[in-house]
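Novice: Heads up, the numbering used here is the position in the sequence shown plus 90, with the first residue counted as 1.
Calculated from the structure, these hints are not laboratory results.
All of these numbers come straight from a predicted model, not from anything done at the bench.
Simulated pairs of lysine to aspartate or glutamate, EDC-like, Cα-Cα distance not exceeding 16 Å:
| hint | residue 1 | residue 2 |
| --- | --- | --- |
| 1 | K478 | D440 |
| 2 | K124 | D111 |
| 3 | K332 | D294 |
| 4 | K332 | D127 |
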Amino acid sequence: MPTEVKAPLRLLSEPRKVIDDSWERYANAHDVWKTVDATYAELRALPESEQIPYLTLANVKQLLAFSQTEQGRANGVLVRWQCMIQDTGLGWELYIKSLVHDGKDICTMYGNEIDHTDHEFESAAMDGDRMAERAVFYGVSLPGMTPWARDRAVGAPHTLAEALEALQLELADMKRAPLPEDASVTALVKMYNLEEAEPLKTTDVIDLVGLLTVDGVPSAEWHLNDTEDIQWVPSIHVLHWKRTPLESLALPLEADSAPQVPTPSPFVDHDTMRAALVDYLATALGHDVLAAEYLLLALLARIHARRSGVTVGSFSLNLSRVTGHELEPALASLMPAVVRQPLSLASLNDPAHTLFVRHTGQHAQAGRLQLPSGTCVVVDERAMEEGKLEDHGMRNIRALSSVLQKRSLPYVLPYSEMDLSTDLILVVLSEGKSFLPVDVHVPVHSTQSRAPPSVSAETLEAWRAFLARTRHEALTIPENVSQHIQDDFVQRRRASSTFDQDDLQRCLVIARLLALSHGHTELTPALWTRAVALDAARAARLAPTPP
Numbered sequence: 091m092p093t094e095v096k097a098p099l100r101l102l103s104e105p106r107k108v109i110d111d112s113w114e115r116y117a118n119a120h121d122v123w124k125t126v127d128a129t130y131a132e133l134r135a136l137p138e139s140e141q142i143p144y145l146t147l148a149n150v151k152q153l154l155a156f157s158q159t160e161q162g163r164a165n166g167v168l169v170r171w172q173c174m175i176q177d178t179g180l181g182w183e184l185y186i187k188s189l190v191h192d193g194k195d196i197c198t199m200y201g202n203e204i205d206h207t208d209h210e211f212e213s214a215a216m217d218g219d220r221m222a223e224r225a226v227f228y229g230v231s232l233p234g235m236t237p238w239a240r241d242r243a244v245g246a247p248h249t250l251a252e253a254l255e256a257l258q259l260e261l262a263d264m265k266r267a268p269l270p271e272d273a274s275v276t277a278l279v280k281m282y283n284l285e286e287a288e289p290l291k292t293t294d295v296i297d298l299v300g301l302l303t304v305d306g307v308p309s310a311e312w313h314l315n316d317t318e319d320i321q322w323v324p325s326i327h328v329l330h331w332k333r334t335p336l337e338s339l340a341l342p343l344e345a346d347s348a349p350q351v352p353t354p355s356p357f358v359d360h361d362t363m364r365a366a367l368v369d370y371l372a373t374a375l376g377h378d379v380l381a382a383e384y385l386l387l388a389l390l391a392r393i394h395a396r397r398s399g400v401t402v403g404s405f406s407l408n409l410s411r412v413t414g415h416e417l418e419p420a421l422a423s424l425m426p427a428v429v430r431q432p433l434s435l436a437s438l439n440d441p442a443h444t445l446f447v448r449h450t451g452q453h454a455q456a457g458r459l460q461l462p463s464g465t466c467v468v469v470d471e472r473a474m475e476e477g478k479l480e481d482h483g484m485r486n487i488r489a490l491s492s493v494l495q496k497r498s499l500p501y502v503l504p505y506s507e508m509d510l511s512t513d514l515i516l517v518v519l520s521e522g523k524s525f526l527p528v529d530v531h532v533p534v535h536s537t538q539s540r541a542p543p544s545v546s547a548e549t550l551e552a553w554r555a556f557l558a559r560t561r562h563e564a565l566t567i568p569e570n571v572s573q574h575i576q577d578d579f580v581q582r583r584r585a586s587s588t589f590d591q592d593d594l595q596r597c598l599v600i601a602r603l604l605a606l607s608h609g610h611t612e613l614t615p616a617l618w619t620r621a622v623a624l625d626a627a628r629a630a631r632l633a634p635t636p637p
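Whenever a hint applies, use it, and build me the whole structure from the sequences.
Specialist: Here it is as structure tokens:
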């Protein structure tokens, strides 16, 4: 029994020694990282894993300071971090996995720095059996995290001893965070399982546990840098990691933690919960229930297929005539990440304000729309004024239009350009109809906008979990329903030539989202009829007012 108690504590306080034990047992890099990964995967399933400090801008220097102490070097500093992969362009890094020091074979994986002689290092570097590769990425703190999501990710605060002196090391300002206004950490992420690291791409979200060290900023000859010219950046040698969709922050019961008893829902049934959520959103939209219905559908939309450059599932929403700023607090209370993107001539033309990704020198400079899938982006063009868009402003508008139309973000290289797939929740606020290519336009009929009403924590938890789960639910369309839709389309075409193929496709998307929002996994004729009625109610608002 004592062993069971001590084992997790040793994994937490002496990770470097755990790695050394694995090396002594296997003396093989593949077996070491495989064993270490499995060991720390098991730790993540235990309540003790909550003791691992979460890396933030507030504690990164303190944790780095501890990593440079004698105790920190000997035992290692364990951290956990949920981050977005910002740049995959660094490729693989060649490193020495072990060297002979004082006649003993020492593991130098996971950033283990030992006091070796030049001869010992050169001997290891000349021995191909002691060399290996690891994947290196840039990671940044999740951009746009809302307060409740940040609190859930970070967990209980853990501080180091007050006597710990501040690290006398100036970290490089990498300017890699998509949102400069965010309190963000930028760090190198080093992975040893190349097969698992290979599929990772920019904007992927990962949840990792690793050893924190400090490394020089990579450059074209980063392995040859003179130490006097090195700029320093935090570096995490990953012990265990997993992909975590942004929505996972709203699903605490599905996290790697001890089994918990599900919290009883404050609602008697699904329909009651949905109606209360629509009312909550309507309050922020001047009590406009129709606009709130469309907003709910937009929050549930995601791209579920890409065919020949066409995205299936796109549902960007333009809300016009929105007054005040009550909508954003409502969204922030429900979504794990919300990014406000105001549009003005000054910001669009400002070279420092870039929506797309630019590759400068050896690195990818983040754009404001380089965001994880599921991020809710509120584009506010209400402050847009007349004037001239410069070249940079035109590029920004093209990038935003590409995200809206093709769900892809331009990645500008020195001599070419490529597109990165995105899947953002997009809500555009405007005075009149947006000049941007948005899927659905809903003029808001507001009575009096006000801040969302105060609701219980249990209610918010239920809504967040509903939005997160429903967004990834699948919907099937039975053959008889498909035939019903085709027959209905033919009848509507006969009755009015204005109901065309675009209307059909839009109504299909609305019907799909409407069905999912009501907890259905199959589309029914009744839901199709309601979707068409919802679209007709929206279209009626767009009709010109008779003189």
